[in-house]
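Student: Heads up: the sequence lines are chains B and G, in that order.
Read in order, the letters of the first sequence are residues 1 to 312 in our numbering.
Read in order, the letters of the second sequence are residues 1 to 314 in our numbering.
Just so you know, the hints here were simulated from the structure itself, not pulled from any lab data.
One should not assume that every hint holds.
Straight-line distance between alpha carbons at most 30 Å, and here's what the computed BS3-like set of lysine-lysine pairs gives [as the list claims (entries may be wrong)]:
#1 B/Lys181 - B/Lys199
#2 G/Lys243 - G/Lys77
#3 G/Lys296 - G/Lys307
#4 B/Lys94 - G/Lys3
#5 G/Lys266 - G/Lys171
#6 B/Lys181 - B/Lys206
#7 B/Lys276 - G/Lys3
#8 G/Lys60 - G/Lys177
#9 G/Lys243 - G/Lys230
#10 B/Lys21 - G/Lys3
#11 G/Lys47 - G/Lys184
#12 B/Lys14 - G/Lys3
#13 G/Lys3 - B/Lys96
#14 G/Lys58 - B/Lys247
#15 B/Lys281 - G/Lys3
#16 B/Lys21 - B/Lys94
#17 B/Lys247 - G/Lys27
It should be emphasised that the depicted structure is a prediction, and the values quoted were computed from it without experimental measurement.
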Amino acid sequence: MKEQLIYFLNSTKKRTFEYNKAVDGLRQLLWGLFKKIVIADNSAQIANEIFNNSTEYSGSTLVLGAVFFTFQIYGDFSGYSDMAIGISRLFGFKLKQNFAAPYFSRDIAEFWRRWHISLSTWFRDYLYIPLGGSRGKTYMKVRNTFIIFITSGFWHGANWTFIVWGALNALYFLPLLLQKKNKIHSDVVAQGKLLPNLKEFYQISKTFSLTLIAWIFFRADNIGHAWSFLKTIFSKSLFTFPHFSEKDLAVNTSILIIIFLIVEWLGRENQYAIEKLGLNKNRSIRWLFYLMIIISLFWFTGQEQQFIYFQF
Amino acid sequence: MIKFISQLTLFAIITFGTGELIVRSLKLTSDIPQRLVEPETGLQLYKPGQSGYFRNAKEKWHVNDYGMLGVADTSKKPLFSFIGDSYIENIMNPISCNQGFLLQSHFENYSFFEAGRSGVNFIEALEISNYLETIISPTYHLIYLGDGDFKESIISQGRYTDRVQVDLDQKLILKAKMKSPLAKRILYSSKLLYYLYLRFPLFIDKQNKGETINENIAKKPNFDISEISKLFNFCSSRYNLNKIILVFHPNANDKIIEQTTLSGFKNILLREHNNGWGLSKYDGHWSCYGHKEATKQVIPLIESIVKPPTGAHL
Numbered sequence: 001m002k003e004q005l006i007y008f009l010n011s012t013k014k015r016t017f018e019y020n021k022a023v024d025g026l027r028q029l030l031w032g033l034f035k036k037i038v039i040a041d042n043s044a045q046i047a048n049e050i051f052n053n054s055t056e057y058s059g060s061t062l063v064l065g066a067v068f069f070t071f072q073i074y075g076d077f078s079g080y081s082d083m084a085i086g087i088s089r090l091f092g093f094k095l096k097q098n099f100a101a102p103y104f105s106r107d108i109a110e111f112w113r114r115w116h117i118s119l120s121t122w123f124r125d126y127l128y129i130p131l132g133g134s135r136g137k138t139y140m141k142v143r144n145t146f147i148i149f150i151t152s153g154f155w156h157g158a159n160w161t162f163i164v165w166g167a168l169n170a171l172y173f174l175p176l177l178l179q180k181k182n183k184i185h186s187d188v189v190a191q192g193k194l195l196p197n198l199k200e201f202y203q204i205s206k207t208f209s210l211t212l213i214a215w216i217f218f219r220a221d222n223i224g225h226a227w228s229f230l231k232t233i234f235s236k237s238l239f240t241f242p243h244f245s246e247k248d249l250a251v252n253t254s255i256l257i258i259i260f261l262i263v264e265w266l267g268r269e270n271q272y273a274i275e276k277l278g279l280n281k282n283r284s285i286r287w288l289f290y291l292m293i294i295i296s297l298f299w300f301t302g303q304e305q306q307f308i309y310f311q312f
Numbered sequence: 001m002i003k004f005i006s007q008l009t010l011f012a013i014i015t016f017g018t019g020e021l022i023v024r025s026l027k028l029t030s031d032i033p034q035r036l037v038e039p040e041t042g043l044q045l046y047k048p049g050q051s052g053y054f055r056n057a058k059e060k061w062h063v064n065d066y067g068m069l070g071v072a073d074t075s076k077k078p079l080f081s082f083i084g085d086s087y088i089e090n091i092m093n094p095i096s097c098n099q100g101f102l103l104q105s106h107f108e109n110y111s112f113f114e115a116g117r118s119g120v121n122f123i124e125a126l127e128i129s130n131y132l133e134t135i136i137s138p139t140y141h142l143i144y145l146g147d148g149d150f151k152e153s154i155i156s157q158g159r160y161t162d163r164v165q166v167d168l169d170q171k172l173i174l175k176a177k178m179k180s181p182l183a184k185r186i187l188y189s190s191k192l193l194y195y196l197y198l199r200f201p202l203f204i205d206k207q208n209k210g211e212t213i214n215e216n217i218a219k220k221p222n223f224d225i226s227e228i229s230k231l232f233n234f235c236s237s238r239y240n241l242n243k244i245i246l247v248f249h250p251n252a253n254d255k256i257i258e259q260t261t262l263s264g265f266k267n268i269l270l271r272e273h274n275n276g277w278g279l280s281k282y283d284g285h286w287s288c289y290g291h292k293e294a295t296k297q298v299i300p301l302i303e304s305i306v307k308p309p310t311g312a313h314l
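Only chain B is shown next, with the shape it has when bound in the complex (with noise of 0.2 Å):
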């Protein structure tokens, strides 16, 4: 945050227009709509409609819901982000990264080091690190982390969900940080490599279903709400086949998801995941693929959500 500041604070020199910067802002912000326009909006309609009638689904299908939901929230945010990102970079500004492929992080440290990293940044410098931050005795780092947690859910609204999820995660980091290990996951995860390996991969799903698990306090209305949605997850049901009305929605979003993820695993060590993607190969490809990121905007435009922060 410190460092975004000064960094606008001197920008007040003459920029000039750099082709190279352009394009990499265009590309960014074409992917910043493809992220909220395509795999958010879509996401949302599903994960509404399942949200809203929770009762009426089984355990299976509940967690199709806090799947999408999952992804929705990533797509609003990530999707913004990487908009707004996109634009200053065509007017000569670079931003700081704030999304950094969170949804790949070996465990829930990693994950915040990779998500919201604007925000994060800020509490850590303006509230962990003035009460102490990971210093001094275990009670003390116990409570500066629930501070920080709590503070970041109820910075989200006045909901006893938000607190819930704050605490929920500071549960989920706590163990990371008296062991120590908080910091063992900085680099990328598979670095250099096309796939993961089996440890990864299990650490990936690990880390994806806490989040999963987290993020259904912070779509739920109530706390009511979120119990008996985790009840009906954790209930027989779950090995049923998960029914959806709207199926054909539901297959598309999913076939989009998959190939978003592929795509954001490919780029999951640049800025955003489209930065290199295709840059050696000739313009042709290049445009070709731009032009499919295109017309999926048009042909597959959910049904325009309001972006979530606009609530908080």
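Starting from the known structure of chain B, arrange chain G on it as the hints suggest.
Tutor: Here is chain G on its own, set in the frame of chain B:
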């Protein structure tokens, strides 16, 4: 900067071309017939000789030499004309579902002529009947109407420049004007732009909201009956009511029907039954089933005209 702009322009052109190709090849939009304003009457008609597909329809629509869609048989007498809005135009269904077509199969010795056009209001329908008198002189005009068509006819109740309206204070018929001709020309030529215009209604929404508001006003039961009454008085002096039969859509307002009777119009009210009128799943118009239901109720009316009870005259 020049390189950036030129590359961006080239990319935009390629994107536009690809989009146009996709929309056309996948038939993502309907073909909409182009209109013209007939200079003498101020009526909006279609340019003759056009044809195209309505989205999801298997059959092509064709504009006849009279600038209208649908059945246009003038070979026999009595000749019945059908005037109305998009319900009678029926561009979304095969022609075999049109009122004229369905009735033709029932009354082989008579001719039927359809003059439906989307957006036609009551006064415009009467003006069309006058226009048809000059070109085909039908024996009877059947005018299909809903409640809103009356209010939309009166200029003091809301101005619609693209439709014929009446100024009741000055007793003056106002001709229609082509609305946004340039925008129409662009949207007619580019299927992609038309598709985007329909799919992402940035400003169409405002229009629709306006129309919805107007429709709501029109549907209000406490409409200004004195204005409607003035409208009918004006019509009785200008049009030959003996040749006009008003066919009211189901659930039309009783007071309006009563007023038309008092002003000397013949009328019938179509009635809904069973599972409603089988409205199309794509829009709020009658489906083929709805047209057949309407026809069933119009047949006795036509029979009573062509086979009048003993002693009665046409």
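Student: Hint by hint, say whether it matches the structure.
Tutor: Tested hints:
1. About 16 Å separates the Cα atoms of B/Lys181 and B/Lys199, which keeps this hinted pair within 30 Å; it holds.
2. The hinted pair formed by G/Lys243 and G/Lys77 meets the criterion: a straight-line CA distance of about 14 Å does not exceed 30 Å.
3. Among the hinted pairs, G/Lys296 with G/Lys307 is consistent with the structure: their alpha-carbon atoms are about 17 Å apart, no more than 30 Å.
4. Under the criterion of a C-alpha separation no larger than 30 Å, the hint pairing B/Lys94 with G/Lys3 is consistent with the structure, at around 21 Å.
5. A hinted pair counts as satisfied when its Cα atoms are at most 30 Å apart, and G/Lys266 with G/Lys171 qualifies at roughly 23 Å.
6. Restraint check for B/Lys181 and B/Lys206: satisfied, since their Cα atoms lie roughly 16 Å apart, inside the 30 Å limit.
7. Note on B/Lys276 and G/Lys3: the hinted pairing holds, with a Cα-Cα distance of about 20 Å set against a maximum of 30 Å.
8. This hinted pair checks out: G/Lys60 and G/Lys177 have alpha carbons roughly 28 Å apart, not beyond 30 Å.
9. Restraint check for G/Lys243 and G/Lys230: the C-alpha separation of about 21 Å stays at or below 30 Å, so the hint holds.
10. A threshold of 30 Å between alpha carbons decides the hint, and for B/Lys21 with G/Lys3 the separation of about 13 Å falls inside it, so the pair holds.
11. With a C-alpha separation of about 14 Å, the suggested pair G/Lys47 and G/Lys184 falls inside the 30 Å cut-off, and the hint holds.
12. Taken as a hint, the B/Lys14 and G/Lys3 pair is honoured in the structure, with Cα atoms around 21 Å apart against an allowance of 30 Å.
13. Using a Cα cut-off of 30 Å, the hinted pair G/Lys3 and B/Lys96 holds, with the two alpha carbons roughly 27 Å apart.
14. Only pairs whose Cα atoms come within 30 Å are accepted, and G/Lys58 paired with B/Lys247 is accepted, the gap being roughly 27 Å.
15. The suggested pairing of B/Lys281 with G/Lys3 holds, with an alpha-carbon distance near 19 Å, which does not exceed 30 Å.
16. Using a Cα cut-off of 30 Å, the hinted pair B/Lys21 and B/Lys94 holds, with the two alpha carbons roughly 9 Å apart.
17. A distance of roughly 24 Å separates the Cα atoms of B/Lys247 and G/Lys27; the hinted pair therefore holds under the 30 Å criterion.
In summary, this structure violates none of the numbered hints.
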